[in-house]
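This is what each chain is made of:
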Amino acid sequence: QQQVKQSPQSLIVQKGGISIINCAYENTAFDYFPWYQQFPGKGPALLIAIRPDVSEKKEGRFTISFNKSAKQFSLHIMDSQPGDSATYFCAGLPGSGGGADGLTFGKGTHLIIQP
Amino acid sequence: DAGVTQSPTHLIKTRGQQVTLRCSPISGHKSVSWYQQVLGQGPQFIFQYYEKEERGRGNFPDRFSARQFPNYSSELNVNALLLGDSALYLCASSLTFKNEQYFGPGTRLTVT
Chain E
1 QQQVKQSPQS LIVQKGGISI INCAYENTAF DYFPWYQQFP GKGPALLIAI RPDVSEKKEG
61 RFTISFNKSA KQFSLHIMDS QPGDSATYFC AGLPGSGGGA DGLTFGKGTH LIIQP
Chain U
116 DAGVTQSPTH LIKTRGQQVT LRCSPISGHK SVSWYQQVLG QGPQFIFQYY EKEERGRGNF
176 PDRFSARQFP NYSSELNVNA LLLGDSALYL CASSLTFKNE QYFGPGTRLT VT
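Residue numbers (this note's numbering), protein chains in the order written: chain E, 1 to 115; chain U, 116 to 227.
Hints were generated in silico from the structure; no laboratory data involved.
Watch out, some of these pointers could steer you wrong.
As the list claims (entries may be wrong) - Below, in silico cross-link-like pairs of lysine to aspartate or glutamate (EDC-like), each with a Cα-Cα straight-line distance of 20 Å or less:
1. 42(E) <-> 166(U)
2. 68(E) <-> 53(E)
3. 68(E) <-> 84(E)
4. 57(E) <-> 190(U)
5. 145(U) <-> 190(U)
6. 213(U) <-> 84(E)
7. 213(U) <-> 53(E)
8. 58(E) <-> 190(U)
9. 5(E) <-> 59(E)
Said to hold, decoys possible - To give a feel for the contact side, a few chain U residues facing chain E, derived at Cβ under 10 Å:
10. 134
11. 145
12. 146
13. 159
14. 165
Keep in mind it's a predicted model, so treat the numbers as computed, not measured.
Quick reminder that beta carbons are idealized off the backbone N, C-alpha and C, glycines included.
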């Protein structure tokens with residue numbers, strides 16, 4: 001199965017710092033790359049997403065950087081806050097004709113923001 | 116507008132039993148996808164339905180089946196439950212099969 005490899009598995013950042021989570025994918029048919037935030041006992045919430053025609057997308061404190069040639073993308077959380085403490089998942093979705101129309105997720109990053 | 120709703124919230128079943136999970140998508144969304152999330156892992160794709168037709172299937176055994184109704188709600192059925200089926204089952208809603216997917220709160224299934 002085509003994988004999405006996510007790192008680090010866990011991350012501790014001081015309040016106000018920058019949190020960086022990285023993902024690498026194998027399936028070149030992916031054309032949509034979302035990030036989800038999940039709190040314990042809740043479903044994943046869509047945070048921000050990018051398509052390969054741009055190298056960066058910013059929404060508030062959250063930025064996705066995308067490197068198509070390296071097949072890598074990352075999430076940057078600026079001015080990290082204790083409320084950002086959660087598990088973050090990256091994912092990829094194939095374009096039309098690229099296979100089963102489901103998201104392939106990374107294994108997640110458990111982020112803790114220390115006050 | 117209401118988000119994705121799922122029922123029941125929690126469910127406890129015995130090995131060998133059958134279970135049905137339900138999902139109502141966001142109003143106006145015509146596609147529903149099902150995922151299984153084992154504790155400590157990312158969600159795994161099970162099925163996607165669009166306009167009542169199966170659009171995709173993940174690597175799950177035939178004990179798993181689903182359907183989508185004319186009002187776009189969906190059911191996931193799992194037969195002959197195994198202990199390994201214990202997980203959070205998530206439903207995701209999207210406008211079409213290639214748009215952003217929004218997840219519901221999930222159904223926590225425990226098989227004993």
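Please verify that hint: residue 159(U), Cβ, nearest Cβ of chain E, below 10 Å or not. holds (8 Å)
Taking 20 Å as the top limit, are the C-alpha atoms of residue 68(E) and residue 53(E) close enough? OK: residue 68(E) and residue 53(E) at ~9 Å, within 20 Å.
Restraint outcome when residue 145(U) is required to lie within 10 Å of chain E by C-beta distance: Status violated, d = 13 Å.
Go through the hint on residue 165(U) and say holds or violated, using the shortest Cβ distance to chain E against 10 Å. Result: holds, 8 Å to nearest chain E Cβ.
Decide if the proposed pair is consistent with the structure: residue 57(E) and residue 190(U), CA atoms, cutoff 20 Å inclusive. violated (36 Å)
Pairwise hint evaluation, residue 53(E) against residue 213(U), where the allowed Cα distance is 20 Å at most: holds (16 Å)
Quick check on residue 134(U) please, does its C-beta sit within 10 Å of some C-beta on chain E? violated (18 Å)
Pairwise hint evaluation, residue 190(U) against residue 58(E), where the allowed Cα distance is 20 Å at most: Since the Cα atoms of residue 58(E) and residue 190(U) sit roughly 36 Å apart, the hinted pair is violated (cutoff 20 Å).
Starting from residue 213(U), check that the Cα of residue 84(E) is at most 20 Å away, please. Outside the cut-off at roughly 28 Å; violated.
For residue 68(E) and residue 84(E), compute the direct alpha-carbon distance and say whether it is at most 20 Å. violated (27 Å)
Given the hinted pair residue 42(E) and residue 166(U), is their alpha-carbon gap at most 20 Å? violated (27 Å)
Supplied contact hint for residue 146(U), tested at 10 Å Cβ to chain E: holds (8 Å)
Consistency with the previously given hints fails for numbers 1, 3, 4, 6, 8, 9, 10 and 11, ordered from lowest to highest.
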